[in-house]
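Novice: Mind docking chains E and D on chain F? Use the hints.
Below are the chains, spelled out letter by letter.
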Amino acid sequence: MPHGWMFAVSTLLTLGWVSIADAKPVGPTIFCEEYPAAPVCQGGAPACTFCHTAPPDRNPYGQTIEASLLPGTTRPLSTTQYRSNLPAALRAAERIDADGDGFNSGDEIAAGTKPHDGLSFPSTSGCPPFRRNPDYDVCFYDRAYAFRKVNLDFCGRSPTFEDLELFRALGETEQETALHARLDECLKSENWRGKEGVLWSLAHRKIKPLKAIRSGSYPGDPAGEIPLANYYDDYALFVYTQIDNNDARHALTGDYFVVRQGGTSGEPTRYVKQTNIGFSQSVLQNRRAGLITTKWYLVLNVMFTDLPRTAAAQAYRAFLGMDIAKLEGLRPVDDEPVDYDGKGVQAPFCSQCHSTLDPLTYPFAKYHGLTNFPFGSYDANRQRNVPEAGVVLGQPVRDLVEWAQVAANSDEFAKATLMDYWKLVMGEAPRPEELTEFTALWRRFKNENSHGVERMLHDLVRSEAYGVP
Amino acid sequence: MMNKLGRLNRRQLMKSVGVAAAGGSLGLGSMLASRRGLAQNQEKKPRFLIVIAAGGGASIIDSFLAIPRSLSANPGTIHTLPDDAIFSPEGSPLRAVDQSGSEAGAIPIAWSANQSNFLRKNVNDILVATCTGTSVNHNVAQRRSLTGNEIWKGRTLQECVAAEYGATFPVPNVNMAGQGYSERGYDRDLPDFAVHEPVAGASVWPLGLDGALGINDLPSKELIVAARELRNQRLDPNTAFYRTFKGSKNLAIWEKQRTVNQSSLEAGELIKKLIFLEDSQSIPLSEYGLTPSPDAAAVREKFPRYASDPFQAQAALAFLLLKNRVTTTVTIGPSFDVLLSNGLQGEIYNPPLAFDYSHNAHRASQAIMWSRLLAAADGLIDLLKAQEFDASTGESFWDRSMIYIATEFGRDKTRGNNANEFGTGHHLNNGFAIISPMVRGNRVLGGVNYNTGLTYGWNPTTGEPVPEEEMAERYIFSGILHALGVDTSGADLPNVTAFV
Amino acid sequence: MFRDQLYLHAALLTAALGMGCLAEPVGPVPGADGGTGLDGSLLGPDGSIVLPDGGVVENQIPESEKARVQFKRQRRLRADFAAALGFSADEVCKELDRFDCFVTVHNISLGGVDAYNLGIFEPLEETTKTTPIAMERIALTGCRNRVDLDLDTPESALIFKNLAMDASGGLADVNAASVDDAIDALYKRFALRRANPEEIAELRGFYETVTASGDTKAARSWAILACFMVSTSVESLFY
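Just so you know, the sequences run in chain order F, E and D. Counted the way the working numbering counts, the first sequence spans residues 1 to 469. Counted the way the working numbering counts, the second sequence spans residues 1 to 500. Counted the way the working numbering counts, the third sequence spans residues 1 to 239.
Bound-form chain F, shown alone (with noise of 0.2 angstroms):
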């Protein structure tokens, strides 16, 4: 590519003036120190959304509340007015069926549901049943029923019919060594590991690809028309981090790249780490964080803005778990945003998210997208009147390693990769009445896995959610 191509090809996602009119950042958190128990509370507050369509427009349960919260009153309310009152308002709507599905609101709110939303409500368990189901335990964790599921998720296909015979004629114990045995041969297969596999799959969200953009060239893959940089290192980088128990914290702290060999010919694949991977990278080892320092992210997402507002917002999303431009994950810092690019973020409306993303970019402004050849590195001279600390979680931190540190360690991080992997199998999010599985199963991977994703699929396979038809 010639050097003089330093144009700005440019998805630059930079969130800017989200128009939020009082909606206030405090509410979830007064909601979860009202209902610290609540599903909806463990392992970070409910979205703006659980109260707003969008804001400052409620949905059914956020008028109940509204109209409970000092009616009378003119409004907008001071932040004091709301913070005192707020606790009263929840209260009070609580015994209120906001959406009409027969259950009210407290009620939801101990269940995990959501108040605002008809079809969402308590599940009525009819287990156990008036008798046993021949050809699914639906009350009990069915391992054939498993066994079949984790070939399909895990291998990609279905067992044998003969396969699933010796398994159905095994004993309980042996039955569940089988399973788990079946497990660690579909972690270590190509539809798991390899190029276009599962986890390459699971990668897309977080990399956003984009072909014409992609430099290296491969036998019958060359590279786009346009070479910036080459997203194939991501992918590679964070299979790594998936597979073999390596720490899945890595997808965001590692200081070392992985390159993908074999997969070809039968031949499996392999991700070899390396401190070094030739010209593709430009970021130096101690500045390194994951897959957020990749020469393809910071062109994708820092390209030629001064503050990168897209870059932390992609991986608040991507690896926390957190949509800003869906109200969710706002914890404010006090006099934030200071506005340094004179976008105009300190407008009331404006604040409100940009409080917490603005503090939450700062640490990468002091990375080049595109516009110091050869692209993608780090600079502390970058941006100079940006400060590089920020805050991240609610934490201060003095760079971007420091921010991939705090986020890998949150229990946000936890939760996210949990969720990843739950979306994957179950097809849905978590259903109320799994929270509690879902809880546990992210803390163990958290502690008793130290992060590791093979263990935690072991947990997630020996689950009711998984396992019980």
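Certain hints may be false.
[As the list claims (entries may be wrong)] Below, in silico cross-link-like pairs of lysine-lysine (DSSO-like), each with a Cα-Cα straight-line distance of 27 angstroms or less:
1. F:Lys423 <-> E:Lys249
2. E:Lys153 <-> F:Lys423
3. F:Lys326 <-> F:Lys423
4. D:Lys161 <-> E:Lys221
5. E:Lys249 <-> D:Lys66
6. E:Lys221 <-> D:Lys94
7. E:Lys221 <-> D:Lys217
8. D:Lys94 <-> E:Lys272
9. D:Lys94 <-> F:Lys195
10. F:Lys326 <-> E:Lys153
Please keep in mind that the hints were generated in silico from the structure rather than gathered at the bench.
Specialist: Coordinates of chains E and D only, in the frame set by chain F:
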């Protein structure tokens, strides 16, 4: 599941009713039930919405609201254009920009772009309504341009139109765009027929509209239908799998899709009406019992790059979907992928990242992309004008159609002093172009401040400019639905009658 | 006419059950315990629930409360169809004998993604209006190819083995064990279980429908459509 007394509780009853209504009982009754309640709209004469998704930020001051240099007090620093590059029909507030260049940013390919031909031809159908959006995040802003910032329970415009007019159409809502432009709305009360059908490859998608046509050496269609009936009515329902999981939402959806929807799609032999590929040696349709649509030649003539340019293929399919009354609303849009006709020796069909290439080369990107979009719109208008919709009234399809050029946001209004080419960031302030005989055209709702490049607002009922105000997305949303005759009662939308 | 024919083979059910066509058990048969159900319900001898007022709820198996069923989606379907039909993945189905059905033509509606070009990073949550049609096209193409191979080269047949045919292209004996074996093989390959007697009788009975239609290659057509019905059953496509 029964409770101890063997009675269904309220929830279970609701669930079983839901399954049956969705076709779970596999019979004709359920098929009819699913259409019941939709009949109320069957007599309403349809109107059609074509959304052209202008991904990346189509700046209205680079097209219909372009600012001639001579009119600005800050011509060198605000994004103005040379007077001689701007065309405006006499007495019209609308403008068009014709430009050319020797390169597009760092892409060393000469380009030429024309908007004036489109404006000349369609000026009386063009309405521009200014707007200041609420997000400069691509995905979020894309979605909000279609939902009016979620103003009607998160429904998209296309879903509203499909729900209003699409009950009897085989595929009421087809979406060929990507990213936020192809997202489904949030409203779960939306009739399921109004949910969009995604289309990735316009040229070959019609092959998926019949279970057997175009496959050689099969048993007769009658036998295939008989096999389906046996499967659906006797084999599947008696399996332990089905009986155990029959409460599944996904199975209920499937039952409806493979009965009601499939019958509806196959009944019209849509493959034969929608294929616009040429019967050729490389794609020998006739060898498979297929023939191109009777309109294929006309469509190919209008969109000659259909084979190499996916956007033109989308436009071709869009016309055929409307003309054959398959669809009430169709969404098309160029991708973010770079498309050159012949490497660096050819022509730039699509710059990388479409309008968003403005970060590097604002003028070239905007010029090339606007020209590209308007050419597609023009082709569609020509084709739709030539198709009679109602013999009794003499209406053409175009008389009942609207093209909405949706985009995320505008671009920065400033530039380096007198710079001919420059990069721009995202800017909330912008405006939307709506082209339709159903709107009062040759008008601008609001206007643009020539000295700042910023657009300003308008009165929602009179359309009079209101320089001190800006209009949010919901006004565009409401105005479009009003012009399309969609019943919005109960939606709590702002009253926007100024479009018509 | 054909609809009427469909019901003719109900009469064949009895015959099938009485003839002991299968040498082995054909999968689990719902029990009929009588006595008390697991939840304390009174059960009748056929497993029906006896209500306190003396009413009866007909025999049924307990449903899954979760009812969590997923469409297999593009990659798994491609692998499963290839394995079941004995083809490599890229041999299963090509539209116009040119465009891969799973990868090129029906990718998105089958729940695939197009990350690199279209920016579709995640599969659709639900099947679409065209998904069942896409699946039927794939099944018909794949089954046709399998049947033709099995009938043309019986010595290496995979599913339809030893089907005796008469001079007119029909099955010599629809009640032959080889017919039952073929049906059983289809269920094993696509549903991972043995065919039960009712299913065998239904599919065998469908041959009457085929012959009544005047089909000149009745055996071939029957085989293709038997394969089609099993491979596009919900049990084959969902899990």
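Novice: Each hint needs a verdict: does it hold in this structure or not?
Specialist: Cross-check of the supplied hints:
{"no.": "1", "hint": "F:Lys423 <-> E:Lys249", "verdict": "16 angstroms, holds"}
{"no.": "2", "hint": "E:Lys153 <-> F:Lys423", "verdict": "25 angstroms, holds"}
{"no.": "3", "hint": "F:Lys326 <-> F:Lys423", "verdict": "19 angstroms, holds"}
{"no.": "4", "hint": "D:Lys161 <-> E:Lys221", "verdict": "26 angstroms, holds"}
{"no.": "5", "hint": "E:Lys249 <-> D:Lys66", "verdict": "10 angstroms, holds"}
{"no.": "6", "hint": "E:Lys221 <-> D:Lys94", "verdict": "20 angstroms, holds"}
{"no.": "7", "hint": "E:Lys221 <-> D:Lys217", "verdict": "14 angstroms, holds"}
{"no.": "8", "hint": "D:Lys94 <-> E:Lys272", "verdict": "19 angstroms, holds"}
{"no.": "9", "hint": "D:Lys94 <-> F:Lys195", "verdict": "23 angstroms, holds"}
{"no.": "10", "hint": "F:Lys326 <-> E:Lys153", "verdict": "15 angstroms, holds"}
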